[in-house]
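Fit chain B to the supplied structure of chain A, relying on the hints for placement.
Protein chains: 2
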Amino acid sequence: MNLILLEPADFVDSDRVRISDRRHLHIVQVHRADIGDTLSVGVLGGRIGSGTIVRMGTGELEMSLILDRDPPEPLPVAIILALPRPKVMRRVLLSLTVLGAKRIILINSARVEKSYWQSPFLKNEAVRSQLLKGLELAGDTILPQVQFRHLFRPFVEDELPALCRGTLALVAHPQAAERCPSSIEGPVTLAIGPEGGFVPFEIEALRSSGMDPVSLSARVLNIETAVPAILAKLFL
Amino acid sequence: MNLILLEPADFVDSDRVRISDRRHLHIVQVHRADIGDTLSVGVLGGRIGSGTIVRMGTGELEMSLILDRDPPEPLPVAIILALPRPKVMRRVLLSLTVLGAKRIILINSARVEKSYWQSPFLKNEAVRSQLLKGLELAGDTILPQVQFRHLFRPFVEDELPALCRGTLALVAHPQAAERCPSSIEGPVTLAIGPEGGFVPFEIEALRSSGMDPVSLSARVLNIETAVPAILAKLFL
Numbered sequence: 398m399n400l401i402l403l404e405p406a407d408f409v410d411s412d413r414v415r416i417s418d419r420r421h422l423h424i425v426q427v428h429r430a431d432i433g434d435t436l437s438v439g440v441l442g443g444r445i446g447s448g449t450i451v452r453m454g455t456g457e458l459e460m461s462l463i464l465d466r467d468p469p470e471p472l473p474v475a476i477i478l479a480l481p482r483p484k485v486m487r488r489v490l491l492s493l494t495v496l497g498a499k500r501i502i503l504i505n506s507a508r509v510e511k512s513y514w515q516s517p518f519l520k521n522e523a524v525r526s527q528l529l530k531g532l533e534l535a536g537d538t539i540l541p542q543v544q545f546r547h548l549f550r551p552f553v554e555d556e557l558p559a560l561c562r563g564t565l566a567l568v569a570h571p572q573a574a575e576r577c578p579s580s581i582e583g584p585v586t587l588a589i590g591p592e593g594g595f596v597p598f599e600i601e602a603l604r605s606s607g608m609d610p611v612s613l614s615a616r617v618l619n620i621e622t623a624v625p626a627i628l629a630k631l632f633l
Numbered sequence: 398m399n400l401i402l403l404e405p406a407d408f409v410d411s412d413r414v415r416i417s418d419r420r421h422l423h424i425v426q427v428h429r430a431d432i433g434d435t436l437s438v439g440v441l442g443g444r445i446g447s448g449t450i451v452r453m454g455t456g457e458l459e460m461s462l463i464l465d466r467d468p469p470e471p472l473p474v475a476i477i478l479a480l481p482r483p484k485v486m487r488r489v490l491l492s493l494t495v496l497g498a499k500r501i502i503l504i505n506s507a508r509v510e511k512s513y514w515q516s517p518f519l520k521n522e523a524v525r526s527q528l529l530k531g532l533e534l535a536g537d538t539i540l541p542q543v544q545f546r547h548l549f550r551p552f553v554e555d556e557l558p559a560l561c562r563g564t565l566a567l568v569a570h571p572q573a574a575e576r577c578p579s580s581i582e583g584p585v586t587l588a589i590g591p592e593g594g595f596v597p598f599e600i601e602a603l604r605s606s607g608m609d610p611v612s613l614s615a616r617v618l619n620i621e622t623a624v625p626a627i628l629a630k631l632f633l
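Just so you know, the sequences run in chain order A and B. Sequence positions in the first sequence follow the numbering used here and run 398 to 633. Sequence positions in the second sequence follow the numbering used here and run 398 to 633.
Bound conformation, chain A alone:
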């Protein structure tokens, strides 16, 4: 936790919060902080700054806040990701949040196992807890928007063209002749397939909706490696 995330319910005054949950435990046990110590804080959906501990009670503490900065810039990217194995999805959601992606759409694909859609890791609360962890790590406050689309064709035919419009629209495809571009400034819509890639009819459908296939490496990359690698190549 590089940032203590604050929510509206924590505020006892306009510049003062009271905290009594796992964040309190973390501040006491990991930061080993005491009265007078200052920590990085941010308001969920809002500004970041510093919080100085002004009171330590039993199972709670109070901080006085100075919120003087905006959170770091988001990446101008919408990610469309074939639903990975749920444990992998959790780690990829964390990575995407840490890197600053703010729109993530998880879709079906021929190579996505049906059972993945039943995982408890797809539930709102499980997803949200990964996103919060990512924000705390990266020092960010803006929650990514995560959506699930169980049907490939309706999504790709009906929603994707509008998403792609006015953006550089790419699908990561190991067999593509075109190399992935770098140092992009404008908005990108990026589709990433399952391990093994999208099947040919899916690549054709993505292409018809405006996406250009690009490859990153001669090697086959696992999803957890491919996602940070391609975002770094595009934006960092």
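These are computed hints drawn from the structure, not numbers from a lab. Computed from a predicted structure; not experimentally measured. A few of these clues could be false.
[Stated by the list, open to error] With a cut-off of at most 25 angstroms between alpha-carbon atoms, the simulated SDA-like pairs for lysine to any residue come out as follows:
#1 A:K484 - B:F598
#2 A:K484 - B:R488
#3 A:K484 - A:S516
#4 A:K484 - B:R525
#5 A:K511 - A:P571
[Stated by the list, open to error] Covered by chain A, according to a simulated footprint, are these stretches of chain B (three or more residues, beta-carbon under 8 angstroms):
#6 444-456
#7 565-575
#8 594-600
[Claimed, not checked] With beta-carbon atoms standing in for the labels, derived distance ranges:
#9 A:L548 - B:Q572: 43 to 49 angstroms
#10 A:F598 - B:V427: 20 to 26 angstroms
#11 A:P597 - B:D431: 22 to 28 angstroms
Even glycine gets a Cβ: it sits at the ideal position worked out from N, Cα and C.
Frame of chain A, contents of chain B only:
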């Protein structure tokens, strides 16, 4: 498993192997392959190509091989990594292997918890199994060399200068003013700190041994995200 890895003990003739372990199970249950089917294969430490199933027995199968290609090019990088939490280390070893790093040195640092050094995940067999999984994923055959250095100063003062010589020697450091370069062709020696970064005296020691601090992003990245991101920025 995008590649079935073969070892000397599998060979029953110069172009024929017999397989009876988890690889046999994988070929039968995941690939659902049968006599006449062809799979990607590679000889550990050697060439890659295709294997055609010529016999299916009870609990074993035989393949006839054509080994006509070299494995993919390695990344010209030596990675020096502050030992992460052991579960994270396993995933980072996989990522590094998938990306093609061939020399990995895990070192101590002020922010590495002492208990990490006792983990069973650091044992030879546990490390080797992660490396093999990475090779199978990436379609590679060359095992990375993984070393552990329990003492920071002797490593950085006595071994690191020779490693850095003749290479672009960089330490990833979130506070560095210099940005990480991209599209590097020559050899790189790259140090990556623990989450929270190397402490100031460690950065000074790394600098004295020839490393230049560079930063990748204004955001704090977790190690599993930072490692593929920085290698992609440098080489892909």
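**Q.** Hint numbers not upheld by this structure, sorted from lowest to highest
**A.** Going through the list in order, the structure violates hints 1, 6, 7, 8 and respects the others.
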